[in-house]
Amino acid sequence: GAGVSQSPRYKVAKRGQDVALRCDPISGHVSLFWYQQALGQGPEFLTYFQNEAQLDKSGLPSDRFFAERPEGSVSTLKIQRTQQEDSAVYLCASSSLFDRGEAFFGQGTRLTVV
Amino acid sequence: DQQVKQNSPSLSVQEGRISILNCDYTNSMFDYFLWYKKYPAEGPTFLISISSIKDKNEDGRFTVFLNKSAKHLSLHIVPSQPGDSAVYFCAASEGKAAGNKLTFGGGTRVLVKP
Chain A
1 GAGVSQSPRY KVAKRGQDVA LRCDPISGHV SLFWYQQALG QGPEFLTYFQ
51 NEAQLDKSGL PSDRFFAERP EGSVSTLKIQ RTQQEDSAVY LCASSSLFDR
101 GEAFFGQGTR LTVV
Chain B
1 DQQVKQNSPS LSVQEGRISI LNCDYTNSMF DYFLWYKKYP AEGPTFLISI
51 SSIKDKNEDG RFTVFLNKSA KHLSLHIVPS QPGDSAVYFC AASEGKAAGN
101 KLTFGGGTRV LVKP
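Heads up: the sequence lines are chains A and B, in that order. With this note's numbering applied, the first sequence covers 1 to 114. With this note's numbering applied, the second sequence covers 1 to 114.
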């Protein structure tokens, strides 16, 4: 497809379980972002990749969160030992280097930790 | 601390009238501002942007105004249409030096009544 694709769309995890969320960015987009959106709030920045390099991970809330983009295209956000406060929609966005913030967002993965 | 704030959580407007959405920011390093629109179960989509060197940008029915001294921006939609009913997010970026990552406000839910 032409847009940013995220999978799964919905994920229910038991507390303590590890989860992996996938993002397929728009082909050729160098920049890839992960955001976390809690219910009723705006998205919050988690981490940023330029190609395979993770240039900013200042938004990751704890060391249980880990992201990778090994070949500079598909990215995975992994959350270890999930907690209830991790319940949120996780949004992936991609953009070209020439864009100034006009990123294209995927539909998101809604994670519910029970 | 919230660097980008949208103080009106919701707005109701009659079809054909003007919708005005407001946004305030505190970080003087922001140099690019964007509005995103979000429908339920979809990711945010880019609507319009403005650079800090301008005070107005217009695109069809959408106009964004920036008042740097007041650290305030607004989005005007005229005329409003039922399809404009969505959640609107204001976002700001410190530019390429910060990887164009976005800081979002909490959103304003707009309902356009036919």
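Treat the hints with care, as some may be off.
Said to hold, decoys possible - Between beta-carbon pairs, the in silico distance windows are:
#1 Leu55(A) / Lys71(B): 23 to 29 Å
#2 Phe66(A) / Lys71(B): 31 to 37 Å
#3 Val74(A) / Glu42(B): 40 to 46 Å
#4 Ala41(B) / Glu52(A): 38 to 44 Å
#5 Ser69(B) / Gln17(A): 37 to 43 Å
#6 Pro40(B) / Val30(A): 41 to 47 Å
Claimed, not checked - Some chain A residues judged to face chain B by a derived CB distance under 8 Å, without partners named:
#7 Phe33
#8 Pro43
#9 Phe45
#10 Glu71
#11 Val74
#12 Arg100
#13 Gly106
Hint data in this document are derived by calculation from the structure and do not stem from the laboratory. A virtual CB, placed ideally from N, CA and C, is assigned to each residue, including glycine.
Cβ separation of proline 40(B) and valine 30(A), checked against the hinted range 41 to 47 Å | Since proline 40(B) and valine 30(A) have Cβ atoms about 30 Å apart, the given range 41 to 47 Å is violated.
Close enough to count: is the Cβ of arginine 100(A) nearer than 8 Å to one in chain B?
-> Result: holds, 5 Å to nearest chain B Cβ.
Should the hint that glutamate 71(A) touches chain B count as held when the rule is a Cβ pair under 8 Å?
-> 20 Å, violated
Look at the Cβ atoms of serine 69(B) and glutamine 17(A) and judge whether their distance stays inside 37 to 43 Å.
-> 50 Å, violated
Satisfaction of the valine 74(A) interface hint, Cβ to chain B closer than 8 Å | 17 Å, violated
With respect to the beta-carbon atoms only, verify the hint that phenylalanine 66(A) and lysine 71(B) lie 31 to 37 Å apart.
-> For lysine 71(B) against phenylalanine 66(A), whose Cβ atoms are near 35 Å apart, the range 31 to 37 Å holds.
Taking the CB of alanine 41(B) and the CB of glutamate 52(A), does the distance hold inside 38 to 44 Å?
-> Taking Cβ atoms as reference, alanine 41(B) and glutamate 52(A) lie about 31 Å apart, which means the hint is violated.
Let me know if the C-beta of phenylalanine 33(A) comes in closer than 8 Å to any C-beta of chain B, holds or violated.
-> Hint on phenylalanine 33(A): holds, closest Cβ of chain B at ~6 Å, below 8 Å.
When the nearest CB of chain B is found for proline 43(A), is that gap smaller than 8 Å?
-> 5 Å, holds
Residue hint glycine 106(A), partner chain B, criterion CB-CB below 8 Å | 5 Å, holds
Could you see if the CB distance from leucine 55(A) to lysine 71(B) stays within 23 to 29 Å?
-> 27 Å, holds
Starting from the range 40 to 46 Å, see whether the pair valine 74(A) and glutamate 42(B) falls in it by beta-carbon distance.
-> 21 Å, violated
The structure is inconsistent with the numbered hints 3, 4, 5, 6, 10, 11, although it conforms to all the rest.
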